[in-house]
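> Chain residues, written in single-letter form:
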Amino acid sequence: MARTECVAMILAGGQGSRLGVLTDDLAKPAVPFGGKYRIIDFTLSNCTHSGITTVGVLTQYQPLDLNTYIGNGGPWDLDRNIGGVYVLPPYVRMKAGEWYKGTANAIYQNIPFIEKFDPEYVLVLSGDHIYKMDYTNMIRYHKKTGAAVTIAVMSVPWEEASRFGIMNTDETGRITEFQEKPAQPASNQASMGIYVFNWRDLKEYLIADEQDPSSDNDFGKNIIPNMLQNREEMFAFQFQGYWKDVGTIQSLWEANMDIIASPPVFNLHDNNWRIYSKNPIQPPHYVSSDAYIVNSCITEGCNIFGRVEHSVVSDGVTIEKGAIIKDCIIFPNVHIGEGAILEKTIVGQGTTIGKRVKSGIRESGDNPYASDLCSEGIVLIKGDITIDEDTEIYKNSMVRTYQRIGGGEV
Amino acid sequence: MIHAMGLILSDNDIHINTLTEKRSVAALPIAGRYRLIDFILSSMVNSGITNVGVIPRLNYSSLMDHLGSGKEWDLNRKNGGLQILPPYIGRGMHGLGEGNIDLVAAVGGHIKRSKQKHAILADGNNVLNIDFDDVMDFHLSNHSDITLVYNEELQTDRALSAHTILEVDQNNRVTGMEVRPRRPKSKKVFLNIMLTERNFLQHLIDEAVARGEHDIARDILMKKVSRLNICAYDFKGYVGCIDSIRSYYDNSIRILNENVRKELFNPNRPIYTKIKDQVPTNYGSYASVHNSLIADGCTIEGEVKNSIIFRGVYIGKCARVSNCIVMQNSVIQDGCELDHVVMDKEVIVRESGRLIGDYNYPMIIGKGAVV
Numbered sequence: 001m002a003r004t005e006c007v008a009m010i011l012a013g014g015q016g017s018r019l020g021v022l023t024d025d026l027a028k029p030a031v032p033f034g035g036k037y038r039i040i041d042f043t044l045s046n047c048t049h050s051g052i053t054t055v056g057v058l059t060q061y062q063p064l065d066l067n068t069y070i071g072n073g074g075p076w077d078l079d080r081n082i083g084g085v086y087v088l089p090p091y092v093r094m095k096a097g098e099w100y101k102g103t104a105n106a107i108y109q110n111i112p113f114i115e116k117f118d119p120e121y122v123l124v125l126s127g128d129h130i131y132k133m134d135y136t137n138m139i140r141y142h143k144k145t146g147a148a149v150t151i152a153v154m155s156v157p158w159e160e161a162s163r164f165g166i167m168n169t170d171e172t173g174r175i176t177e178f179q180e181k182p183a184q185p186a187s188n189q190a191s192m193g194i195y196v197f198n199w200r201d202l203k204e205y206l207i208a209d210e211q212d213p214s215s216d217n218d219f220g221k222n223i224i225p226n227m228l229q230n231r232e233e234m235f236a237f238q239f240q241g242y243w244k245d246v247g248t249i250q251s252l253w254e255a256n257m258d259i260i261a262s263p264p265v266f267n268l269h270d271n272n273w274r275i276y277s278k279n280p281i282q283p284p285h286y287v288s289s290d291a292y293i294v295n296s297c298i299t300e301g302c303n304i305f306g307r308v309e310h311s312v313v314s315d316g317v318t319i320e321k322g323a324i325i326k327d328c329i330i331f332p333n334v335h336i337g338e339g340a341i342l343e344k345t346i347v348g349q350g351t352t353i354g355k356r357v358k359s360g361i362r363e364s365g366d367n368p369y370a371s372d373l374c375s376e377g378i379v380l381i382k383g384d385i386t387i388d389e390d391t392e393i394y395k396n397s398m399v400r401t402y403q404r405i406g407g408g409e410v
Numbered sequence: 001m002i003h004a005m006g007l008i009l010s011d012n013d014i015h016i017n018t019l020t021e022k023r024s025v026a027a028l029p030i031a032g033r034y035r036l037i038d039f040i041l042s043s044m045v046n047s048g049i050t051n052v053g054v055i056p057r058l059n060y061s062s063l064m065d066h067l068g069s070g071k072e073w074d075l076n077r078k079n080g081g082l083q084i085l086p087p088y089i090g091r092g093m094h095g096l097g098e099g100n101i102d103l104v105a106a107v108g109g110h111i112k113r114s115k116q117k118h119a120i121l122a123d124g125n126n127v128l129n130i131d132f133d134d135v136m137d138f139h140l141s142n143h144s145d146i147t148l149v150y151n152e153e154l155q156t157d158r159a160l161s162a163h164t165i166l167e168v169d170q171n172n173r174v175t176g177m178e179v180r181p182r183r184p185k186s187k188k189v190f191l192n193i194m195l196t197e198r199n200f201l202q203h204l205i206d207e208a209v210a211r212g213e214h215d216i217a218r219d220i221l222m223k224k225v226s227r228l229n230i231c232a233y234d235f236k237g238y239v240g241c242i243d244s245i246r247s248y249y250d251n252s253i254r255i256l257n258e259n260v261r262k263e264l265f266n267p268n269r270p271i272y273t274k275i276k277d278q279v280p281t282n283y284g285s286y287a288s289v290h291n292s293l294i295a296d297g298c299t300i301e302g303e304v305k306n307s308i309i310f311r312g313v314y315i316g317k318c319a320r321v322s323n324c325i326v327m328q329n330s331v332i333q334d335g336c337e338l339d340h341v342v343m344d345k346e347v348i349v350r351e352s353g354r355l356i357g358d359y360n361y362p363m364i365i366g367k368g369a370v371v
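Sequence order for the protein chains is A and B.
If you count by our numbering, then the first sequence holds residues 1 to 410, one letter each, in order.
If you count by our numbering, then the second sequence holds residues 1 to 371, one letter each, in order.
In short, the hints are calculated from the structure, not lab data.
One or more of the hints may lead you astray.
Restricting the straight-line Cα-Cα distance to at most 25 Å, the calculated cross-link-like pairs of lysine-lysine (DSS-like) are [as the list claims (entries may be wrong)]: (1) A:K278 x A:K181; (2) B:K71 x B:K305; (3) A:K355 x B:K262; (4) B:K274 x A:K278; (5) B:K305 x A:K326; (6) B:K317 x A:K326; (7) B:K317 x B:K367.
If we take Cβ atoms under 10 Å as the criterion, some of the chain A residues that face chain B in the derived model are [to be verified]: (8) G34; (9) G35; (10) H269; (11) N271; (12) R274; (13) I275; (14) S277; (15) S289; (16) D290; (17) I298; (18) E300; (19) D315.
Think of the CB as a built atom: it goes at the ideal place given N, C-alpha and C, for glycine as much as any other residue.
Model the full assembly from the supplied sequences, consistent with the hints where possible.
Now the structure itself:
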């Protein structure tokens, strides 16, 4: 088999429990984003554009949709004779099967997969980040410094630095210290969870880590600190540009709003770095004479008869006459009835919103759908449910199952 | 699911001003993200046809670029799949001959090698979504030798006399046929879609070639009306036959009608096309869009009314676009005013440009023009 210089491994097995009902039956990387994408499209497209065409996707939680979505990798040009994209779930071995215990263990369990390609480098990526990045620059930097591992970092606002893994480096970019979510950060260089390893070195650390029963088998908690302790050559690679971890409902909402900001905070209208996805087979969207659309993005298969302000509308959505949506994210194939008013609401795939439903407009101390996961007024409604006519859903709600109670109020 | 091969004639000598100067009519962009051929091709695929030959004639590079390996239509098959059958000019004087008989004769080898029992031969310039299962049922239950598909409410503003008109008796049998009659005897317009057995098609073509004949309707069908059981299938769905700038414009604008859209874009029988991986369309703060069809990848800052906007179009601030068809990647800069304009791909209209056509004479701007 022809040798592959670099194999990318995408960690896509996390449960994503902070995304609430969105990940009830969907792995986080398969959550819709930006009107016609899934979150993992960004990482997969980055790989293709970077010329990395051997990609393993490590799945374990609710993999069905993600697996069928990735398929043979055709939409990302990853249907290759040599390499291509592989979905790698945990599997049963001779003695016993086991789940991926942590990020490092997930790679450990796939050592035979990586060995098949005999790579020089392994690029470890996360399947739930929104960004455009040319990995070739990072790999070139990795080769130049001769490091055992190169970690991509970016400057974050100082006040947010304590939410990240912080890399402290000397003036040459060599990593001297790593602090996971420090209270008193010594720098504002946050790890983006993107690593280039020399495969030979990584393999040794993975095997050693597996033999340590007290280990969490995690890159951030174990492998990186161990390498630091052993004084391996570790370098930070400065990334400049947009990057967002969409692990929470708040950050998912913000990232969607970033693409419709004017000028866009994150620009997807980029012919040189197109984000590929499995395109829906739908006609162009129709905008009726009564419709009003501003500061929004709308995609194929939609029929818009109502008002859309500052919202992201996915494929196959119908917004009826008199309906108003503002600051919303509408997932595919949602139907929004006449006169419904939605603000700051995320509506899951295939849900039907009845006529005159109100959502996210008022607050209430007595909110049956109140959720810790939804703050800043955001309402999250699960996919494939129906919200009856004339219902009101208050701010900061998460609707998992809807049952009509009494006279229209829920 | 039917067991038939499909043959699409993508260039039937129809010229629509500059729009078909460098592409065959089947490659004409329509409805925001499609080419004409997508409709007949998707109809065939949705009926379970997995062997489709496309017969081009002239200027077919844009068609080939569009169809590629046939992947988007699920026609990248080991057996059959999509085949582009370019004209073959050999000693037998076939190829770029004088009519469609010559074109079909030139691909005789392909027809012979195919394994399906039946063959559907269709032109590529109709906007329709037809279920060939129904046509096949009709064909078999009528013990028809040849089945012709017609429509009685053809949505074209050109007189019926531009078409081939069928006379059909109450048993669905074709009793008469006239090509471009001055006084049509019926409103039954032949859509240039026919179904017959593959071997029989081959036989008819061979026979016609031997007699030096060129036109399928005139030289084969018309002459056989009394001798063969030629039946006519009434396709009751929406049909837009594109054969002039008038019919192109009218059929494009008709897609703004909800019922027409529902019929053409039936989710159970989707129309496939080449994927471009465009981003969703962005609407700016002052966008104002009414009764229009907008494809992906556009940025809309201005006003759009009663128009069809293809993929990747930019419409600047304070621009006003009404009753227009704006094809892929065109740029309409700030403050332009456009009315009744058909704009080919990659046109740039400079700031504050004013292009006003008329319904009876839409202004046509050629590909890549800078105005």
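> With reference to the structure, classify each hint as holding or not holding.
Hints, one by one, checked against the model:
no.: 1; hint: A:K278 x A:K181; result: violated (36 Å)
no.: 2; hint: B:K71 x B:K305; result: violated (34 Å)
no.: 3; hint: A:K355 x B:K262; result: holds (23 Å)
no.: 4; hint: B:K274 x A:K278; result: holds (12 Å)
no.: 5; hint: B:K305 x A:K326; result: holds (23 Å)
no.: 6; hint: B:K317 x A:K326; result: holds (22 Å)
no.: 7; hint: B:K317 x B:K367; result: holds (23 Å)
no.: 8; hint: G34; result: holds (7 Å)
no.: 9; hint: G35; result: holds (4 Å)
no.: 10; hint: H269; result: holds (6 Å)
no.: 11; hint: N271; result: holds (9 Å)
no.: 12; hint: R274; result: holds (5 Å)
no.: 13; hint: I275; result: holds (7 Å)
no.: 14; hint: S277; result: holds (7 Å)
no.: 15; hint: S289; result: holds (5 Å)
no.: 16; hint: D290; result: holds (8 Å)
no.: 17; hint: I298; result: holds (6 Å)
no.: 18; hint: E300; result: holds (6 Å)
no.: 19; hint: D315; result: holds (8 Å)
In this structure, the earlier hints numbered 1, 2 are contradicted, and the remaining ones agree with it.
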